[in-house]
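Keeping their order, the protein sequence lines are chains A and B.
Residue 1 is where the first sequence starts when you use the working numbering, and the numbers rise one by one after that.
Residue 1 is where the second sequence starts when you use the working numbering, and the numbers rise one by one after that.
Check before you lean on any hint, since a few could be wrong.
Claimed, not checked - Here are the simulated DSS-like cross-link-like pairs (lysine-lysine), alpha carbons at most 25 Å apart as the crow flies:
id : chain 1 : residue 1 : chain 2 : residue 2
1  : B       : LYS238    : A       : LYS75
2  : A       : LYS75     : B       : LYS24
3  : A       : LYS77     : B       : LYS162
4  : A       : LYS75     : B       : LYS162
5  : B       : LYS48     : A       : LYS77
6  : A       : LYS77     : B       : LYS47
7  : B       : LYS24     : A       : LYS77
8  : A       : LYS77     : B       : LYS77
No wet-lab data here; the hints were simulated from the structure.
Being a predicted model, the structure only gives us computed values, none of them experimental.
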Amino acid sequence: MQSEAIDGLITEMVQAIKTRLEVQQATDPVMIGIHTGGVWLAERLHKLLHIEQPLGTLDISFYRDDFTRIGMNPKVKPSQIPFEVEDRHIILVDDVLQTGRTIRAAMNEIFDYGRPASIILATLVERSGRELPIQPSVVGVRPPLTNEQQITLTGPDPLNLIIGTSKQETRGTS
Amino acid sequence: MSKPNIQLDNNGRLKHFLTIDGLKREMLNEILDTAESFTGVSERVVKKVPLLRGKTICNLFFENSTRTRTTFEVAAKRLSADVLNLNVSTSSTTKGETLLDTLRNLEAMHVDMFVIRHSDSGAAHFFATHSAPHISVINAGDGQHAHPTQAMLDMFTIRRHKGEFTGLRVAIVGDILHSRVARSQILALNTLGTSEVRVIAPRTLLPSDPRTMGVHVFHDLEEGIKDVDVIIMLRLQKERMTGALLPSEHEYFQLYGLTEKRLRAAKPDVIVMHPGPINRGVEMDSQVADGPRSVILQQVSFGIAVRMAVMSMTMGTQAQGAAGR
Chain A
1 MQSEAIDGLI TEMVQAIKTR LEVQQATDPV MIGIHTGGVW LAERLHKLLH IEQPLGTLDI
61 SFYRDDFTRI GMNPKVKPSQ IPFEVEDRHI ILVDDVLQTG RTIRAAMNEI FDYGRPASII
121 LATLVERSGR ELPIQPSVVG VRPPLTNEQQ ITLTGPDPLN LIIGTSKQET RGTS
Chain B
1 MSKPNIQLDN NGRLKHFLTI DGLKREMLNE ILDTAESFTG VSERVVKKVP LLRGKTICNL
61 FFENSTRTRT TFEVAAKRLS ADVLNLNVST SSTTKGETLL DTLRNLEAMH VDMFVIRHSD
121 SGAAHFFATH SAPHISVINA GDGQHAHPTQ AMLDMFTIRR HKGEFTGLRV AIVGDILHSR
181 VARSQILALN TLGTSEVRVI APRTLLPSDP RTMGVHVFHD LEEGIKDVDV IIMLRLQKER
241 MTGALLPSEH EYFQLYGLTE KRLRAAKPDV IVMHPGPINR GVEMDSQVAD GPRSVILQQV
301 SFGIAVRMAV MSMTMGTQAQ GAAGR
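Bound-form chain B, shown alone (with noise of 0.2 Å):
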């Protein structure tokens, strides 16, 4: 028995995102078409659409964070919304306001969609859960759990370099136990069909069974890179880390950090992906980062696209439920 998934409404349409999680190939794949006629967007002398006009959109971000907060301002903004940026880390809450509040104390303002980042896993899911049926909730990461828009322009990327994910090997190297960027890609990634998800990581740096997840387990980078067409690099995330999980950053450059030589194992057309933002020396050297198969910075403008469909999808399910206020 599956229960109702709370981010589709009774039409089966997107109303809230918050996991990869209970999302079928389909709403994936249209999510990706919807991006890709954002692209163009970004590109004209006004960038912008009217799409949103008029609604509210509020960025509330418990933890910090530049590139995906900006994203998603900047998608708000070329859907002509208005967006309302709190850092909630800086506000209410160090004075011992919870979440329900600090969610009623916004609805009061009349915001049409949250977006929300939290340390917590559920958090998003928590909003969706208790705000006004007419708000849309977006997670932009929660915790440990799952960061969906983070997996969705990663999927925008590969789709954009090769094609089908049917016959990808797709490598994914670093902090998987902490990761909830590798959590999204793996679901994304398995839902839409990728013939092979490889994990590599150091032990300490992998969930107690990584096998449960749908992927292939590795220890050694240029075993695991062999043969593959997609590099995904994750940020090692020290400020997650607690107990010695890592002897040092320059052992585990030596050991997991993606070199020009190291790349030679993947395919000669691989693409190298990170999330941002990088640490040079520690996940990969300059000399790849940079390097002509680094689509890193791609990524970033795909983000607004993807960011900009996700937004107008489950905005556009507001459409019954506001209807009769």
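Isolated chain A, as found in the complex (with noise of 0.2 Å):
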């Protein structure tokens, strides 16, 4: 998927999460990215919101279930929450949704900051292969795609959606 198709896509989340936030009554939300492609995605939709706190960004490999399995990520980006978490509005923003268990991190994560109102999760791609009981609250899009197949997104500038097969990234619990 190029790059004007994902333009699209960020504005029509853009447009569902301030419903969203609507219908929850939750007013001066702040926004969290995971890193890496969650955090160029959150870049467009914190500018696109005008969410007056900075962005948050998060790197869960402090977080990860399978750190026993495959060992240290050599490349862990810090954790930046440049605001409170107490009481706040969170919008947890990651490209894809797959197995859930990164979002599951993210969420132990920011709950070591403090204890939020409320957080919405907004992925870019939700695809089948959940192993959690996690639902996004808003999503770009929802490709058919099989097992076998991985979907990536490029970036941070321009931001492509790129389908393959599986095995080239096996690091990847989205």
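With the hints as a guide, bring both chains together as one complex.
If you want it as structure tokens, here you go:
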């Protein structure tokens, strides 16, 4: 999928997030993107939603549940949450939702910073393969993919979605 | 022919951390980069990540230490590991138990990692060689051989302040002869591509041929620190001194004590480091130790992040080894 189409999806997501926030009566929200693709997407959403607080970023490497199987990711980026999490409405952003394990880890990490009032999850792609009961609040696209197919967001500029066959990326558990 | 490095697993990942010797620049940079990402954890409300939850780390100290043992303990706890602190100098070795028996007993308690300090050079290596395959060993100082986590936290501090190592001039001052810290620092500095490493010491506190270590030797402090970017002061190790190597502490300070006045010979933005504990008025005066160029307390904070990095990297390699248990 090319960058123009993704821009279109992002515009739709912005609308959907606004609606969702209104329904929940969530005022003054903050946004957190998950490294790496989630941050690229969050940077765009953050700007379009005119969120006052700076964008937060999470690297969930320290919270992964497969650490004892695959070891330390050598390219961990520091998590940066430049605002108080306590009692805030959080928009959590990731590129692809698949197993749900990344989101589980991200929520665990967020709760180590404080107790948010609410978290909504926005992902560009929702696909099959869920291993945990995690549901996105806002989704850009739901492509029909087989288990062998992998979908990856490349970026940061332009953003492209690439579909390939599996075994290219053994670390990925979106 | 190089023999296989016991510190690395089959995939070239860090399994034990015993010495800087034999580790490549990429590995040292990986440790520093990983440590960088851990610095944030200590500044959060909840100063903990769940990485090593359920693991048991044994701090096995056959030699006194407060700072090193405490920072290892804090690092382990911030990784959510369980920590056993054993000060063996006051324990069963005085009853005659051998090192191997101590190891076997602790293994029977299902310890996953040993952090070991011992007055014998090679003690950590001995543990790494004889412990069960899933166990990682970190050297927290062995005899006059190595103290690699101290060296890496010093490298981290230098990198934070100076960026790249190429182009840097670093002077190490003091008791080079007895210092495992200096030995590890020199190896790390040279591996990371430091332009010039100097050692400054009286002849009695230098090894017989210091030049083989890849350093320039100075006997005069002011001459040696001329135009340096970093000064690392070493502690005068009274407990390791046998024989009349020095006339007196007072005279040592007269010749090698770092003062504000002497510091002027170095670059204006020089940083002053010390592994602690400082003997004020012996290695440096308080004005320098507490002054604007001193980064001594930062070294302590960074020590936690560096130890978290080394612990998580070595424990990460247990993955395959422990899977079949």
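Here's how the hints hold up against the structure:
{"no.": "1", "hint": "B:LYS238 <-> A:LYS75", "verdict": "violated, 42 Å"}
{"no.": "2", "hint": "A:LYS75 <-> B:LYS24", "verdict": "holds, 17 Å"}
{"no.": "3", "hint": "A:LYS77 <-> B:LYS162", "verdict": "holds, 21 Å"}
{"no.": "4", "hint": "A:LYS75 <-> B:LYS162", "verdict": "holds, 22 Å"}
{"no.": "5", "hint": "B:LYS48 <-> A:LYS77", "verdict": "holds, 16 Å"}
{"no.": "6", "hint": "A:LYS77 <-> B:LYS47", "verdict": "holds, 17 Å"}
{"no.": "7", "hint": "B:LYS24 <-> A:LYS77", "verdict": "holds, 22 Å"}
{"no.": "8", "hint": "A:LYS77 <-> B:LYS77", "verdict": "holds, 21 Å"}
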